[in-house]
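Peer 1: As a plain string of letters, each chain reads:
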Amino acid sequence: MMAKPLIILDSSPLITLALFPVHKPALETILSIADIAVVETVAVETTAYLNHRDAVVIKKLLDAGQIVHHLTPSTSVDTLIDAYNKVDAGERDTIRLALTLPNARLILDDVAAFVTATHFDLSPIMLLDQVVAWVRQGELDKTTATKIVTAVASRYSEAFVNHSKHRLNEV
Amino acid sequence: MDKITLDDTIFADYLQYRAGQSGQTVVELSKHINRDEFYETVYALHERFMAGEFSLGYMAQLLGITKPDLYHLLDAMELKVTNV
Chain L
161 MMAKPLIILD
171 SSPLITLALF
181 PVHKPALETI
191 LSIADIAVVE
201 TVAVETTAYL
211 NHRDAVVIKK
221 LLDAGQIVHH
231 LTPSTSVDTL
241 IDAYNKVDAG
251 ERDTIRLALT
261 LPNARLILDD
271 VAAFVTATHF
281 DLSPIMLLDQ
291 VVAWVRQGEL
301 DKTTATKIVT
311 AVASRYSEAF
321 VNHSKHRLNE
331 V
Chain Y
27 MDKITLDDTI
37 FADYLQYRAG
47 QSGQTVVELS
57 KHINRDEFYE
67 TVYALHERFM
77 AGEFSLGYMA
87 QLLGITKPDL
97 YHLLDAMELK
107 VTNV
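First to last, the sequence lines map onto chains L and Y. Per our numbering, the first sequence starts with residue 161, numbered consecutively. Per our numbering, the second sequence starts with residue 27, numbered consecutively.
One should not assume that every hint holds.
[As the list claims (entries may be wrong)] Stretches of chain L that chain Y covers, calculated by requiring three or more beta carbons in the stretch to come under 8 Å of a beta carbon on chain Y: (1) 169-175; (2) 181-192; (3) 204-212; (4) 223-233.
No lab work stands behind these hints, which were simulated from the structure alone. Idealized CB from N, CA, C, for every residue including glycine.
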């Protein structure tokens, strides 16, 4: 049996997948096609207040080991990463983790963090683009993917959502 | 008294989030934070976030709440959490 691909999630895509759709968080669907890793900073940040529904979902999956959290690694470029002051701590640590897990796919939904990651020769991808990629690769069925994109639409620009749906229709 | 009833659930949630960070009670905070100014501030900061001026984490810091709380606040206000 082939190992599932590994994805690294920053807090924004992690919370989005934990929050929507309401009846069955997309995180549970994604876990059937990919292993998920997060850096400690993101794990702590997203589960700090269990009054949020997404925090409960994330904590349950972390406690069960279904989402693996890694201590923030040290890298030789830490000072360079930290100099990007428009990038939040969780995102900077997520970039650090991605540098130590070169086979993992880095999913970032923040523009500044995304651009910064590319400066470190990483190839990040936004969540909706990754959903489209899974469908193209036959990892995720189109109906489920469309449901996910529709459910999370309020968090993204209308242009990006419509484009993602258009690309799903082309598959 | 450490509880307050507010008709505006978005503003009430914000006060709760901020109370969680500041250590002040919701009642204390409600005496100093004006509802209309709160909305004006969030809309103005969000516009700057969408323009790429700063991150959501920094916006959360300016509002005195955590980043996950800000996601929920923006969801409730039907404002985007990604600036693409």
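Peer 1: Next step is simple, just say for each hint if it's right about the structure.
Peer 2: So, going through the hints one by one against the coordinates:
1. Check on the segment 169-175 of chain L: 3 of its residues sit with their Cβ under 8 Å from a Cβ of chain Y, so the three-residue criterion for coverage holds.
2. For the segment 181-192 of chain L, the stated coverage by chain Y is not satisfied: 0 residues place a CB nearer than 8 Å to a CB of that chain, which falls below the threshold of 3.
3. Counting residues of the segment 204-212 of chain L whose beta carbon lies closer than 8 Å to any beta carbon of chain Y gives 5, which reaches the threshold of three, so the coverage claim holds.
4. Beta-carbon proximity to chain Y at under 8 Å applies to 0 residues in the segment 223-233 of chain L; the threshold of 3 is not reached and the given coverage is violated.
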